[in-house]
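Throw the hints in and build the complete structure from the sequences for me.
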Amino acid sequence: MNSRPLIFERSVDGRVGHLIDRFEESVEMQIPASFLREEDPNLPEVSEPDVARHYTELSTLNYGVDTGFYPLGSCTMKYNPKVNEDVASLPAFSEIHPYQPIETVQGTMEMMYDLSLLLSEITGMDEVSLQPAAGAHGELAGIMMIRAYHESKGDFNRTKIIVPDSAHGTNPATASVAGLDIIEVKSNENGEVDIESLKAVLDDSIAGLMLTNPNTLGLFETQIEEIAALVHDIGGLLYYDGANMNAIMGQTRPGDMGFDVVHLNLHKTFSTPHGGGGPGSGPVGVKSKLIEFLPKPVLVKKDNGSFDFDYDRPKSIGRMKSYYGNVGVLVKAYTYIKTMGANGLKKASEIAVLNANYMQARLKEHYKLPIDRICKHEFVLAGTGDPLSQVSTLDIAKRLLDYGYHPPTIYFPLIVDSALMIEPTETESHETIDEFVETMIQIREEIRVSPDKLKSAPVNTSIGRVDETAAARNPILRWKK
Amino acid sequence: MKIVKGLYYSEDHEWVKVEGNKATIGITDYAQHAMGDIVYVELPDEDDEIEAGESFGVIESVKAASDSFVPVSGTVVAVNEDIEDDYGVLNKEPYENWIISIEMSDTSELEKLMDAEKYEAFTSEEA
Amino acid sequence: MFPYMPITEQEEKSMLGTIGLDSVSDLFSDIPENLRLNRRLDFDDTMSEYAVKKHVGQLGNKNTTTNELVSFLGAGTYDHYIPSIVPHITGRSEFYTAYTPYQPEISQGTLQCIFEYQTMVCELTAMEATNASMYDGASSTAEAAMIATEGKRGNVVFVSASVHPEVIEVVSTYMKYRGVKVEIVPVKDGVTDFTSLEAMISKECAAVIVQTPNYFGNLEKLEPIAELAKANKALSIVNTDPMSLALIKPPGECGFDIAVGDAQGFGNAMNFGGPHIGFMAVTKKLMRKLPGRVVGETEDTEGRKAYVLTLQAREQHIRREKAASNICSNQAINALAVTVYLSAMGRKGLKTVAEESHVRAAYLRKKLLETGQFEAPHTQPFFKEFVLKSNIEVSKLLETLRGSGILGGLDLSTASSDSKDHILICVTEKRTKAELDAYVQVVEGLR
Chain W
29 MNSRPLIFER SVDGRVGHLI DRFEESVEMQ IPASFLREED PNLPEVSEPD VARHYTELST
89 LNYGVDTGFY PLGSCTMKYN PKVNEDVASL PAFSEIHPYQ PIETVQGTME MMYDLSLLLS
149 EITGMDEVSL QPAAGAHGEL AGIMMIRAYH ESKGDFNRTK IIVPDSAHGT NPATASVAGL
209 DIIEVKSNEN GEVDIESLKA VLDDSIAGLM LTNPNTLGLF ETQIEEIAAL VHDIGGLLYY
269 DGANMNAIMG QTRPGDMGFD VVHLNLHKTF STPHGGGGPG SGPVGVKSKL IEFLPKPVLV
329 KKDNGSFDFD YDRPKSIGRM KSYYGNVGVL VKAYTYIKTM GANGLKKASE IAVLNANYMQ
389 ARLKEHYKLP IDRICKHEFV LAGTGDPLSQ VSTLDIAKRL LDYGYHPPTI YFPLIVDSAL
449 MIEPTETESH ETIDEFVETM IQIREEIRVS PDKLKSAPVN TSIGRVDETA AARNPILRWK
509 K
Chain A
-16 MKIVKGLYYS EDHEWVKVEG NKATIGITDY AQHAMGDIVY VELPDEDDEI EAGESFGVIE
44 SVKAASDSFV PVSGTVVAVN EDIEDDYGVL NKEPYENWII SIEMSDTSEL EKLMDAEKYE
104 AFTSEEA
Chain S
419 MFPYMPITEQ EEKSMLGTIG LDSVSDLFSD IPENLRLNRR LDFDDTMSEY AVKKHVGQLG
479 NKNTTTNELV SFLGAGTYDH YIPSIVPHIT GRSEFYTAYT PYQPEISQGT LQCIFEYQTM
539 VCELTAMEAT NASMYDGASS TAEAAMIATE GKRGNVVFVS ASVHPEVIEV VSTYMKYRGV
599 KVEIVPVKDG VTDFTSLEAM ISKECAAVIV QTPNYFGNLE KLEPIAELAK ANKALSIVNT
659 DPMSLALIKP PGECGFDIAV GDAQGFGNAM NFGGPHIGFM AVTKKLMRKL PGRVVGETED
719 TEGRKAYVLT LQAREQHIRR EKAASNICSN QAINALAVTV YLSAMGRKGL KTVAEESHVR
779 AAYLRKKLLE TGQFEAPHTQ PFFKEFVLKS NIEVSKLLET LRGSGILGGL DLSTASSDSK
839 DHILICVTEK RTKAELDAYV QVVEGLR
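Protein chains in written order, with our numbering: chain W, 29 to 509; chain A, -16 to 110; chain S, 419 to 865.
No lab work stands behind these hints, which were simulated from the structure alone.
Model, not experiment: these values are computed from the prediction.
A couple of the hints might just be wrong.
[Said to hold, decoys possible] Capping the alpha-carbon separation at 20 Å, the derived lysine-lysine pairs in PhoX-like fashion look like this:
# : chain 1 : residue 1 : chain 2 : residue 2
1 : W       : 188       : S       : 740
2 : W       : 374       : S       : 431
3 : S       : 480       : W       : 329
4 : A       : 46        : S       : 740
5 : W       : 343       : S       : 599
6 : S       : 703       : W       : 508
7 : S       : 723       : W       : 509
8 : W       : 508       : S       : 766
See below:
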């Protein structure tokens, strides 16, 4: 049945994919036999054309932003500019060892320093570390810094982090990894944090509150100033999950809203590619009171204008990863910000928000919109709103695959039943958005008259729905001969 | 939802069969239905001591992973390793397949659990 | 207007009409007045692609690369050759502009590639299960320590002083906030001091973490360490350079529970330290403890073989605060590079790269010792890196080598009092005989 062999199944003894020069002089191996492996690892033996064909064929079974529309809420699947890719692969940036003498890497360090200043200005924070490797990693650094801050004041009582019930799963997971407990607060009917619920849990055992603004419903937390004041009043700190930054660039800034620490997702807001799951980059920005806790080393500009790494940071939370950050990703974000400029980034947020509101206005006639107000860069539908329907949100998502689309985010946030979270981004055209809306309308009609089309979807893709139960019951995580 | 008489029930949707001092525990039809296809059950070790309300392991389905909270305190005397061959039996016959068996340390804790009638009322409210 | 934003002014007006608003600023009316940024962001406006490329290119020109300087630097980042086929595959936008493969029906490309990657990592480490990759070797070591210390398991981890210092730092950062103590096992003659480890270990120890080849390039004897850990119910964790696994006995055959490390050397550019790629491979018993994404094989409704993200119930988006880890992303494109590299190299090719790195390192080490300007501080077998004690002050040696276009190695002098005048030298298959001889010549010239 399987028409797509694994690379191992294409292997033929004796095939060579690459020639390697052998050393001219005869030098004996100096590893004692007791250390050597007896059998070679079973890697394939294929020629270079085999490799080219195999992976090229696999690429045709994929779907990227360059393939089509990708309205995944909370992921910001915007276009990945090609100049970013070209610049990042220049040997001037890629062929540098992290331990080279500092004088030989001043170009990269200047790029990183400039980037940190740009990100500080965009977020309204005082200093930014580029070390964390991903959003969740930046969150972890942020929560560790919150802990370090309280502990530096002798306050070891603050063991809890508050998150709204609409929060992304990484928020509570991060707090837990950092050794803190979670308290959830409810959202109100307007889709925002319920202030009374929040007041009820604020006391001196609270280390901080993690929020994103706009929140995961795509709605701006209009009471953010009050929330900030309440949390600060009891001595807590405010953490900003920057996943939704694409909604507000140039309009408002988390630093101005009262947030003390912020992380950004360069692979969302700042156009670096998602890569099929990574690599990302999660810079973390802080207000001045947290600067001493930043991960080390800290990139600094010396009086003579040169750049260096400062390791003398006694209060730092320590290192989050080796070396200095995902530099290959940083240079792409830097190039993007320079390309867009201050006016371009502001326009990007405006168009992202315009596109989302346009789609919301057209789709609310056909699907259930639980909270009908101006959204920001994304909005959430609650399925069809028909309690008698046999068709689930999952079925709608699978049917969209048949029409050639990647479906929106489904079943998140958890507080909306049968959620469909739609985020178009600013890099989509009017026609693309209209075509998608029309497809969704057509699917709504199919739900009424021919629901089995959804139940059996997808039928136009390389494979149909998969048996996830079998995959989880008897996990096969590798090929064996 | 199937509910079997003569068993005790917890608010975490477990059934408890009591024989003398021994409590045999499994999950109810309501639980397996809510979880979907069960793919894995993390079992405790024999001789582990546990307190009522503590988690003794995790039940994983494709879409969720729930802690299994033990309804009564005591020492684990047996775990049903047979379910490891096919966790689906917990979905198909939840009352016929037990998960752990405990030597109770305080039988008065059974008073906090529900009987079949109360559990039926409880699940209708939750639904 | 803007090349990345197709909506025209005309279209803006019409769309606002559909929404029922007059201007774009109405869309932000729910932002409180005093939170509005009533000025422009304080940096330059839009630049043309040409201008940006020139500007960033000029920054790049302020760097000196390993094309211009012959590098003998290692210590966790390696200058191995990257075959051209690798970037041609990873540069395909169907791969790099894709999202995480949550919809398997349109992601069989990414999913099958990860499945192949997982297979290769298992083959190299001789472990039974691995995940779809993690940020880097250091954080994957920290995550392994998290597995060892989760729940009631214990709150001390032992880390050998021969582990890369930055890895030790990252493990310490993660463990500090979980109330887990990190104890350092001393080094003797360039490897973990087994006698000390035996004396230190107790049932409170949750994990023993070592590295091979270690920070000094020396090979550690793994089997006794695994046995000792097991006898004390501690998890054994080894951070390893996967290139070395083409030659040396893998952790799975030495009785280790978890193998971690960084696979940057397989087809990924050095990139001044990132993005690299961490891996974690475990025994079958620990499979369900693997953090991050995992790809499994299954079938679709028509019985066709298919790949899918599996064991997701453990991950942050479902378990939330009960998740064992908060990790969300994996290094997918880097993993793809690893997969293509290992396919191109193949079973024999990879062994050749490893052998060539080793024999060239052995040649240079021998020649440098013969100059009489160095001593060997350790008597251990090594792979592609080694430490020498220099009779010339290391900073002076490196400066002189630099003058001849050579990055001579890593100065370990300041690392500790035991390593005064120690230098860590790495040799890969890229270093030609001429380059090695040139290094020796410079040293001879300093007599």
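Cross-check of the supplied hints:
With a C-alpha separation of about 15 Å, the suggested pair residue 188 (chain W) and residue 740 (chain S) falls inside the 20 Å cut-off, and the hint holds. Using a Cα cut-off of 20 Å, the hinted pair residue 374 (chain W) and residue 431 (chain S) holds, with the two alpha carbons roughly 18 Å apart. At most 20 Å may separate the alpha-carbon atoms for a hinted pair to count; residue 480 (chain S) and residue 329 (chain W) meet this at roughly 15 Å. Under the criterion of a C-alpha separation no larger than 20 Å, the hint pairing residue 46 (chain A) with residue 740 (chain S) is consistent with the structure, at around 15 Å.
Proposed proximity of residue 343 (chain W) and residue 599 (chain S) is supported: the alpha carbons are some 18 Å apart, at most 20 Å. At roughly 18 Å between alpha-carbon atoms, residue 703 (chain S) and residue 508 (chain W) fall within 20 Å of each other, so this suggested pair holds. For the given pair, residue 723 (chain S) sits about 16 Å from residue 509 (chain W) by alpha-carbon distance, which is consistent with the 20 Å threshold. For the suggested pair residue 508 (chain W) and residue 766 (chain S), the alpha carbons sit about 19 Å apart, so the restraint of at most 20 Å is met.
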